[in-house]
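Visitor: All chains, please: the whole structure from these sequences, using the hints.
Protein chains: 2
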Amino acid sequence: MSVFTTLEFAEVDAWLKGYTIGHLTRLEGIASGIENTNYFVTTSHGEYVLTVFEKLTANELPWYLELMAHLAGRGIPCPNPVGRLDDGYLGELKGKPASLVTRLRGRSITQPTTTACAEVGELLADMHQAGKSYTKPMANPRGAAWFAGTAERVRPMLSADNAALLVEELGFAQAAFKLTDLPGGVVHVDLFRDNVLFEGERLSGVIDFYFACQDRWLYDLAITVNDWCVTEAGELDPARAQALVAAYHKVRPLTAAERAAWVAMLRAGALRFWLSRLYDLHFPRPGELTHAKDPTHFERIVRHHRAQPELLQGLLP
Amino acid sequence: MSVFTTLEFAEVDAWLKGYTIGHLTRLEGIASGIENTNYFVTTSHGEYVLTVFEKLTANELPWYLELMAHLAGRGIPCPNPVGRLDDGYLGELKGKPASLVTRLRGRSITQPTTTACAEVGELLADMHQAGKSYTKPMANPRGAAWFAGTAERVRPMLSADNAALLVEELGFAQAAFKLTDLPGGVVHVDLFRDNVLFEGERLSGVIDFYFACQDRWLYDLAITVNDWCVTEAGELDPARAQALVAAYHKVRPLTAAERAAWVAMLRAGALRFWLSRLYDLHFPRPGELTHAKDPTHFERIVRHHRAQPELLQGLLP
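Here the protein sequences line up with chains X and S, keeping their order.
Sequential numbering of the first sequence, starting at 6, is according to the numbering used here.
Sequential numbering of the second sequence, starting at 6, is according to the numbering used here.
Just so you know, the hints here were simulated from the structure itself, not pulled from any lab data.
Quick reminder that beta carbons are idealized off the backbone N, C-alpha and C, glycines included.
Hints should not be assumed to be uniformly reliable.
Covered stretches of chain X, as calculated for chain S (at least 3 residues, CB under 8 angstroms) [claimed, not checked]:
id	region
1	86-92
2	125-135
3	139-152
Guide: Written as structure tokens, this is what we have:
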């Protein structure tokens with residue numbers, strides 16, 4: 006259960022006077038979510054999600070909220086922050102920053118088809134295109150320095166075999182991150198199955214933009230493929246991967262430099278999540294609920310990627 | 006049938022490359038609408054309405070499209086123009102300005118209940134509030150000068166009795182328009198039953214902003230009451246009117262000056278539509294499809310309003 010801040014009906018109804026979305030008719034806590042408090046809010050004008058931010062601050066939040074508004078205004082089916090009467094996106098509840106966004110329809114899927122993967126690829130390319138005009142800078146907090154620092158922390162916890170693998174893959178990723186000819190812009194870099202909603206066959210939503218930043222588009226594509234097109238055994242499913250990449254490429258054609266960097270980005274993208282899961286497992290934050298995910302899934306992906314570069318390269322259209 | 010400009014699937018699909026809303030899956034002409042060509046557009050990301058503007062120009066349109074985006078971004082359930090890759094709201098099809106807006110759910114209702122009227126009142130007040138921060142000027146093209154000019158044109162067509170009524174009401178309205186103490190801002194001034202959508206019991210949409218402008222809020226409220234709360238015989242239904250005005254007042258309390266001007270605004274609002282309907286009836290535009298609505302409905306409202314000022318004043322909370 007993740008309602009860290011409890012809200013009463015009357016207090017939310019009063020808080021809504023800072024908006025122009027009608028009066029509150031229903032308030033319901035949302036049990037999922039790890040870091041923030043979320044409520045479904047139904048008013049006379051529509052359905053929304055109210056978030057009370059437990060960690061992100063009022064200084065940090067505008068970048069994310071304005072990005073979502075920017076993308077939603079260009080047809081990306083993401084949560085759209087509702088503007089307040091005082092003209093910002095950020096209010097305050099119980100002394101914490103709080104926002105309202107539109108509630109999306111649909112649910113996440115766990116067994117994606119090639120059709121679903123194609124929709125995800127098209128959506129990702131559209132999101133990259135739509136983000137071109139969102140130029141507020143935001144470096145990736147999980148960039149090269151984070152890779153190096155995290156690897157140093159977790160390496161002593163690993164078997165000799167895995168420690169050697171980590172060192173090799175880190176060197177490989179750091180070399181890839183030095184490439185300067187890869188185009189980029191706004192990236193989601195967490196477009197996993199649980200962050201995409203489908204309503205029937207149609208992709209109806211993309212959520213959770215709090216890892217978004219400015220980085221290489223190809224890296225985002227690689228991270229997406231590593232989740233949507235990989236089996237439980239950590240092996241790439243070529244049919245799904247080809248469908249996703251082809252749909253992406255149709256909207257934003259990959260450049261020659263991106264083709265050359267593709268395999269390296271798939272490996273770097275897998276390493277990124279192997280590292281963070283290792284870190285979360287070995288260094289749980291005090292008082293944190295236990296949400297640590299299994300790092301071995303990404304270790305397997307890393308090993309499979311290393312073993313079959315030709316297969317990975319062959320995924321490109 | 007009002008598809009003046011015929012569009013082919015392939016040409017719309019190609020045109021959508023200027024957007025980030027996915028690829029076209031369905032295109033369907035919309036038969037309603039008097040002045041523009043409208044199509045329902047379904048893409049892999051959502052449902053939209055494509056409008057080819059047959060009269061409004063690329064210079065005139067941004068005020069309306071930016072207003073809708075402004076209101077939609079503040080939770081008003083109005084069509085939300087989709088931003089293009091080149092960052093405007095306006096494209097071009099067959100040499101005419103064209104836009105895409107989100108498609109709203111719901112349908113208009115012809116027999117509003119007091120509950121529906123309360124929702125309309127709340128929505129109108131929220132729209133007035135949300136419009137406060139939209140400060141781009143736009144005078145009402147149907148202001149005092151239009152009243153005078155139109156009355157002059159239609160008066161010779163009327164019976165002596167109606168001509169006398171028109172002259173009296175015009176003088177009364179012109180006096181009301183001289184009041185300087187009425188607050189205002191963005192107004193819809195065409196919030197009739199056919200411009201509001203309901204999904205079940207809930208107000209799900211407000212459409213057709215092409216009469217919107219900056220004017221007195223009370224005038225907008227009067228025009229809305231004159232449609233939603235009037236019987237077929239042109240008589241006010243006090244229960245519906247009280248529900249609408251009370252819900253409005255709860256969000257944006259009426260001022261003392263507005264209370265004093267209320268009856269005059271109801272009469273001026275009725276005269277506005279009596280005049281325009283008389284004009285459309287007696288001076289149809291050449292080549293125009295026949296959509297002229299019956300002016301006598303508003304003549305009856307004018308007469309009823311004149312006859313019962315106490316009842317009108319008593320509608321205020």
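Visitor: Which earlier hints turn out false for this structure, listed by number in ascending order?
Guide: Violated hint: only 3; rest satisfied.
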